[in-house]
Amino acid sequence: MKNCLRMMLVSCFALVSISMMAQSKTMLISESGLPYTEQTWYAYGVGQPLDETDITSNWNLGKRIVSAAYTKEGWLVVMAKNTEYVQQSFSLTKEWPEEWIAEKTKSGYAITSLSRSEKEWLVVMSQGSGITSQIIWRNEWAELAPWITEQKGNGYLITDLAYDGKAWTVVLSRTPKYTSQGYFWEKSTSELMDRVQSNVWGRGFNLHQVVYGEGNYVVVYGNYTKGDNRFQNLQVSPDDAKEYIRQQWDRGISIAYVGGGR
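If you use the numbering used here, the sequence shown closes out at 382, no skipped numbers anywhere.
Incorrect hints may appear among the rest.
[Claimed, not checked] Capping the alpha-carbon separation at 20 Å, the derived lysine to any residue pairs in SDA-like fashion look like this:
id: 1; residue 1: 286; residue 2: 272
id: 2; residue 1: 201; residue 2: 255
id: 3; residue 1: 307; residue 2: 382
id: 4; residue 1: 297; residue 2: 325
id: 5; residue 1: 362; residue 2: 238
id: 6; residue 1: 239; residue 2: 304
id: 7; residue 1: 307; residue 2: 152
id: 8; residue 1: 239; residue 2: 194
id: 9; residue 1: 214; residue 2: 294
id: 10; residue 1: 346; residue 2: 276
id: 11; residue 1: 226; residue 2: 250
id: 12; residue 1: 307; residue 2: 276
id: 13; residue 1: 226; residue 2: 252
id: 14; residue 1: 362; residue 2: 214
id: 15; residue 1: 239; residue 2: 287
id: 16; residue 1: 362; residue 2: 151
id: 17; residue 1: 297; residue 2: 250
id: 18; residue 1: 201; residue 2: 159
id: 19; residue 1: 226; residue 2: 261
id: 20; residue 1: 346; residue 2: 144
id: 21; residue 1: 239; residue 2: 297
id: 22; residue 1: 214; residue 2: 238
id: 23; residue 1: 272; residue 2: 260
id: 24; residue 1: 297; residue 2: 349
id: 25; residue 1: 346; residue 2: 294
id: 26; residue 1: 346; residue 2: 163
id: 27; residue 1: 214; residue 2: 250
id: 28; residue 1: 272; residue 2: 247
The set of hints was computed from the structure by calculation and includes no laboratory data.
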């Protein structure tokens with residue numbers, strides 16, 4: 121009886137683990153025409169810690185974080201030279217780093233990448249992004265939606281968002297990067313890809329972000345200020361992220377964005 125109970129507990133634990141892993145997503149947006157050089161990336165595996173020395177050693181080489189997220193590969197970080205960022209800092213904490221963000225904002229930094237694992241927030245802040253003002257709110261999407269619309273009228277657009285299992289955290293910015301923006305939700309990967317093809321690329325727009333949360337993909341899209349309607353490719357949870365990235369690099373295409381979620 122004890123052995124049977126033990127087997128049941130192990131089986132239940134395995135099923136829960138498989139379910140959690142199945143909910144984790146990886147969204148990779150590759151893009152042509154970017155100025156990045158010597159791009160590199162790191163993936164650490166589900167449940168494994170992010171090795172902060174990988175980031176600091178690349179900073180010393182003149183590289184900056186382009187995008188980072190918690191994905192089905194675990195923490196996934198993309199870095200490159202020749203980004204617009206002059207200086208960069210990041211916070212990896214269990215609690216939302218409100219005081220750290222406030223201090224960095226006073227020093228001319230802005231949030232340029234944001235993600236949440238099951239246990240930690242990763243917030244990347246950079247100097248040189250051109251962002252002049254940011255506002256942040258954590259709430260249910262039903263409350264956030266009218267706020268996003270209202271702030272759009274004040275010149276703020278979505279530059280980062282993440283779901284923490286209970287609520288969404290949305291970063292709105294006054295940024296020179298975008299001239300227009302919209303967003304939509306899709307439940308399935310096939311519907312997501314169809315709608316991106318028809319409603320985003322098919323209408324001359326570009327993807328800004330794709331994040332997963334509450335069982336849905338949230339797609340943020342619009343126009344760039346420079347190089348609008350550029351070539352993009354979106355891959356959702358590729359079987360071999362390493363091979364996908366290698367293929368894009370071989371074609372001279374950079375990884376522009378990493379999205380995650382569960």
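### Task
Could you check the structure against the hints above and give me the numbers of any it violates, in ascending order?
1, 2, 5, 6, 7, 9, 12, 14, 19, 20, 21, 26, 27, 28
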